[in-house]
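Construct the entire structure; sequences and hints are all you get.
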Amino acid sequence: MMSHINVQKSEKRSGNIRYLRNHWILYAMLGLPVIFYFLFHYLPIPGVVIAFKDYNLFRGIRASEWVGLRYFKQAFGFKSFWMSVRNTMILNVIGLVLGFPAPILLALMLNELRNKAFKKVTQTVLYLPHFISWVIVGGMMYQLFASSGFVNTVIKALGRVPVPFLSSSGWWIFTYFIVGQWKNIGWNTIIYLSAMTGIDSELYEAARVDGCSRFRMMFSITLPCILDTVMIMLILAVGGLASIGFEQPYVMQNSVVMDVADVISTYVYRVGLQQAKFGIGSAIGLFQSVINFILVISANSISKRMTDKGIW
Amino acid sequence: MSNKNEKEFSVKRATRVNIGYHILLILIALIMVVPFIWTLSTSLKGQNEAVFSFPPQFIPGHPTFGNYAVVWNTLPIGRFLINSLILAVFGVALPVVLCSMAAFPLARMNFRGKNFVFMIIMGTMMIPGEVTMIPVYLIINKLGLMGNYAGIILPAAVPAMSIFLMRQGLLGIPKEMEESAIIDGAKVWQIFLHIMLPMVKPTLATMSILNFIGAWNNFLWPLLVLEDPNTYPLTLGLYKLQGTFVANTRMIAAGAIIALVPILAVFIFFQKYFIAAAYSSVIKG
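Note that the protein sequences, when read in sequence, are chains A and B. Numbering of the first sequence is given in our numbering, commencing with residue -6 and proceeding in unit increments. Numbering of the second sequence is given in our numbering, commencing with residue 53 and proceeding in unit increments.
Among these hints, one or two may not hold up.
In the BS3-like style, the derived pairs of lysine-lysine whose C-alpha atoms are separated by at most 25 Å in a straight line are [what the hints assert, rightly or not]:
1) LYS109(A) with LYS324(B)
2) LYS324(B) with LYS112(A)
3) LYS113(A) with LYS324(B)
4) LYS113(A) with LYS253(B)
5) LYS72(A) with LYS297(A)
6) LYS292(B) with LYS176(A)
7) LYS270(A) with LYS194(B)
8) LYS239(B) with LYS176(A)
Estimated spans, in silico, between C-beta atoms of each pair [said to hold, decoys possible]:
9) HIS74(B) with GLY204(A): 19 to 29 Å
10) TRP164(A) with PRO226(B): 25 to 35 Å
11) TRP59(A) with TRP241(B): 40 to 50 Å
12) ILE111(B) with ARG107(A): 25 to 35 Å
Residues of chain B placed beyond 10 Å of chain A at every Cβ, according to the derived structure [as the list claims (entries may be wrong)]:
13) ILE78
14) LEU272
15) ASP280
Treat the hints as calculated values from the structure; they're not laboratory data. Beta carbons: idealized from backbone N, C-alpha and C, even for Gly.
Below, the structure is given as structure tokens:
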């Protein structure tokens, strides 16, 4: 079957030229994408060596001089760098502790819905914010949470003092969390919902025969069955604690709250690219990926020890 | 008797819990849409109508398109829209062509180095974006693509995720399909174009939607690469708009709605594929 497509054993021995002639089209099809990968995904990896070099745009990476750990020492010497590391961790830890269970609970509720039309409409509405650019979300958020914005108008009308959602450090963190949840909670339910559709319906049948309540089924069947998925997502979330997207912090930060709003990604952008300190920027990126790597390895091994489940 | 009572009781409790879910979910759904509705209503309110009032006025008393006119005249919004569209067309078309070309051999054929190539491609999904941001920036710079759309389009031209999705789609086609074509004397590229591609249309749609969203909402790379405001896409242009009209809620709302409409249209028209896209994009793990 498909003899000219499948590589036959005899063909392997009959010389590379004939092999290439028969299969050149495959390599041609793969060629262009592979060149892209080389250029934009693999070339940047050795490019990270500029963290150890006095990079000069005109001399290129190879001709630039080695400077050892100079940029690492410089970055570690900046107070603002440690501040961005701390802020990244604070925002991510809050996001993990409060934000991780939220989509699981939401998925459990959605899973209980029996009315298909209601379920579909709810899901569609929940997914919607995920598709909106952060720039637009940022603009809307600013109008909603500003000191004289929509939310504060309501608060004032209820006879309370307006809340500085965007201009006080503590409240800014709160707003950051809420807006992030608003945008992604619906989308994050998808993986749990898809895990739930995989559960054998006979389990529920058996439980029903035994007189199990719906609530009880949720805890004794649904949750244990999606535990694998939950663990994988948790490990990934812990592994990502040191990295933070660029767009949400960038569009939400303002000069008043920079002491809590400046995170690693925006710091790398500002120092590494805007001020063209490529070496320092790369050094920070490298430092960050080492932390990420350590976090994901430890999360995986802790999970393996505790629940016998891990990504690898 | 008591057994029956108990059952009735638990049925009642179950309905109560069920009603609770519905109310809670309706509340959450409302929180999701209120910002959009409020923004839309604000964008339609004239200067004389209060934006921040209590109770909030969601239906404007005298709806007007005046704010849209001001935004349209102050900023080259039309230009931004066209720019976004250009970026989106390439951001969708290039992955469709290149990723299906790459996925076909990876899914349907056996050849030397296949697994290695697949691993190389998938491996890139593991590297965080912040790490390669500066080196990619420098490569774009070196290729002379600064200020050029190619500098935004090319790095995202062959997303690993799309290759993965296409490969999955192609793997699902039964072998008999191409066997009969081979017997009829079809060439490899004919099999690819006329048999394989038509069978993975849903995957192509899913992939195109994911890439459209990515391209339409792309903010970081236009910010890094583009210099001339006339070349800005909508995201970047709107970001500047928010700087220009900091205090003018109505203008910002109008700008947000202009940028929202295309993505909402896509979302509503292709909803079926969106959900499929959502599921397939998470199953990769």
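Here is how each hint holds up against the structure:
1. Taken as a hint, the LYS109(A) and LYS324(B) pair is honoured in the structure, with Cα atoms around 15 Å apart against an allowance of 25 Å.
2. The straight-line distance between the Cα atoms of LYS324(B) and LYS112(A) is roughly 14 Å, inside the 25 Å bound, and the hint therefore holds.
3. For the suggested pair LYS113(A) and LYS324(B), the alpha carbons sit about 11 Å apart, so the restraint of at most 25 Å is met.
4. Restraint check for LYS113(A) and LYS253(B): the C-alpha separation of about 24 Å stays at or below 25 Å, so the hint holds.
5. A threshold of 25 Å between alpha carbons decides the hint, and for LYS72(A) with LYS297(A) the separation of about 37 Å lies outside it, so the pair is violated.
6. Proposed proximity of LYS292(B) and LYS176(A) is supported: the alpha carbons are some 22 Å apart, at most 25 Å.
7. With a CA separation close to 16 Å, the supplied pair LYS270(A) and LYS194(B) stays within the 25 Å bound.
8. The hinted pair formed by LYS239(B) and LYS176(A) fails the criterion: a straight-line CA distance of about 48 Å is larger than 25 Å.
9. Checked against the given bound of 19 to 29 Å, the beta carbons of HIS74(B) and GLY204(A), roughly 24 Å apart, stay inside it.
10. Range check, TRP164(A) to PRO226(B): about 58 Å between beta-carbon atoms, so the 25 to 35 Å window is missed.
11. At about 49 Å, the CB distance of TRP59(A) to TRP241(B) agrees with the hint of 40 to 50 Å.
12. Taking the beta carbon of each, ILE111(B) and ARG107(A) are about 34 Å apart, inside 25 to 35 Å as hinted.
13. With a least CB separation of 8 Å from chain A, ILE78(B) falls inside the 10 Å interface cut-off, contrary to its annotation.
14. A beta-carbon of chain A comes within 10 Å of the beta-carbon of LEU272(B); the shortest separation is about 5 Å.
15. Against the 10 Å criterion, ASP280(B) stays outside the reach of chain A, whose nearest CB is about 18 Å from its own CB.
Checked against the numbered hints above, the structure violates hints 5, 8, 10, 13, 14; every other hint is satisfied.
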